[in-house]
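Chemist: Sequence:
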Amino acid sequence: IFPEHDKQEWAQAIQTSAAEQVPVEKYVSYDLESLAPSIVALLQGMQIELAQVKELMMDELRSQDDAAAVACRWLQGHESIWEQWLPDATKCFSHVGLYNEMSKRFVEDR
Numbered sequence: 100i101f102p103e104h105d106k107q108e109w110a111q112a113i114q115t116s117a118a119e120q121v122p123v124e125k126y127v128s129y130d131l132e133s134l135a136p137s138i139v140a141l142l143q144g145m146q147i148e149l150a151q152v153k154e155l156m157m158d159e160l161r162s163q164d165d166a167a168a169v170a171c172r173w174l175q176g177h178e179s180i181w182e183q184w185l186p187d188a189t190k191c192f193s194h195v196g197l198y199n200e201m202s203k204r205f206v207e208d209r
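Residue 140 in my numbering sits at position 41 of the sequence shown; the count goes up by one each step and never skips.
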């Protein structure tokens, strides 16, 4: 672990302290919630531990595979983590409704 970020050293290309902290943010369409509420529910449910991010990064470094292949491999090996992120398929979102594939009709309850 590096010492706290030293702006003056970094300005001189001396990088013996931690990098400046950069926030991780999710950017989406302002009306995504009305257009795709299940996607919003998925994004809100996503939680990944720093150890898992490090695991992904080390896998990419060791394997030299592209990010998509590494992510796919992680998803295949960690289903118990990401399946918790999935919204309930029978949840009825406002202004969207719930559709029964078998009867080919919208339904009023689950």
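A couple of the hints might just be wrong.
[Unchecked claim] No farther apart than 16 Å at their CA atoms in a straight line, the calculated lysine to aspartate or glutamate pairs in the EDC-like style are these:
#, residue 1, residue 2
1, 190, 207
2, 190, 132
3, 190, 178
4, 106, 124
[As the list claims (entries may be wrong)] Label pairs and their in silico Cβ distance ranges:
#, residue 1, residue 2, range
5, 167, 116, 56 to 66 Å
6, 109, 207, 34 to 44 Å
7, 150, 116, 50 to 60 Å
8, 206, 103, 51 to 61 Å
9, 168, 207, 25 to 35 Å
10, 129, 106, 51 to 61 Å
11, 176, 121, 21 to 31 Å
12, 128, 166, 18 to 28 Å
13, 139, 103, 14 to 24 Å
14, 177, 116, 54 to 64 Å
15, 187, 153, 52 to 62 Å
16, 148, 207, 36 to 46 Å
17, 124, 187, 33 to 43 Å
If you are wondering where the hints come from, they were derived from the structure by calculation, not from laboratory data.
Just so you know, even glycine gets a beta-carbon here, dropped at the ideal spot from N, CA and C.
Chemist: For every hint, state whether the structure bears it out.
Modeler: These are the hints, each one checked on the structure:
Proposed proximity of residue 190 and residue 207 is supported: the alpha carbons are some 11 Å apart, at most 16 Å. Under the criterion of a C-alpha separation no larger than 16 Å, the hint pairing residue 190 with residue 132 is consistent with the structure, at around 14 Å. Annotation: proposed proximity of residue 190 to residue 178 is violated, straight-line Cα distance about 21 Å (limit 16 Å). Between residue 106 and residue 124 the CA atoms are separated by roughly 23 Å; this puts the pair beyond 16 Å, and the hint is violated.
Taking 56 to 66 Å as the suggested C-beta distance range, the pair residue 167 and residue 116 does not conform, at roughly 33 Å. For the pair residue 109 and residue 207, the supplied restraint of 34 to 44 Å is violated, since their beta-carbon distance comes to about 60 Å. Checked against the hint of 50 to 60 Å, the pair residue 150 and residue 116 fails, with Cβ atoms roughly 23 Å apart. Between residue 206 and residue 103 the Cβ separation comes to about 56 Å, which falls inside the hinted range of 51 to 61 Å.
Take residue 168 and residue 207: their Cβ atoms lie about 44 Å apart, and the range 25 to 35 Å is violated. For the pair residue 129 and residue 106, the supplied restraint of 51 to 61 Å is violated, since their beta-carbon distance comes to about 34 Å. Separated by about 28 Å at the C-beta atoms, residue 176 and residue 121 satisfy the suggested range of 21 to 31 Å. Checked against the hint of 18 to 28 Å, the C-beta distance between residue 128 and residue 166 comes to roughly 23 Å, which is consistent with it.
At about 36 Å, the beta-carbon gap between residue 139 and residue 103 misses the expected band of 14 to 24 Å. The hinted window of 54 to 64 Å between residue 177 and residue 116 is violated, with their beta carbons roughly 33 Å apart. Distance hint check: the CB atoms of residue 187 and residue 153 are about 31 Å apart, inconsistent with the given range 52 to 62 Å. Distance hint for residue 148 and residue 207: a CB-CB separation of about 40 Å, consistent with the stated range 36 to 46 Å.
Checked against the given bound of 33 to 43 Å, the beta carbons of residue 124 and residue 187, roughly 26 Å apart, lie outside it.
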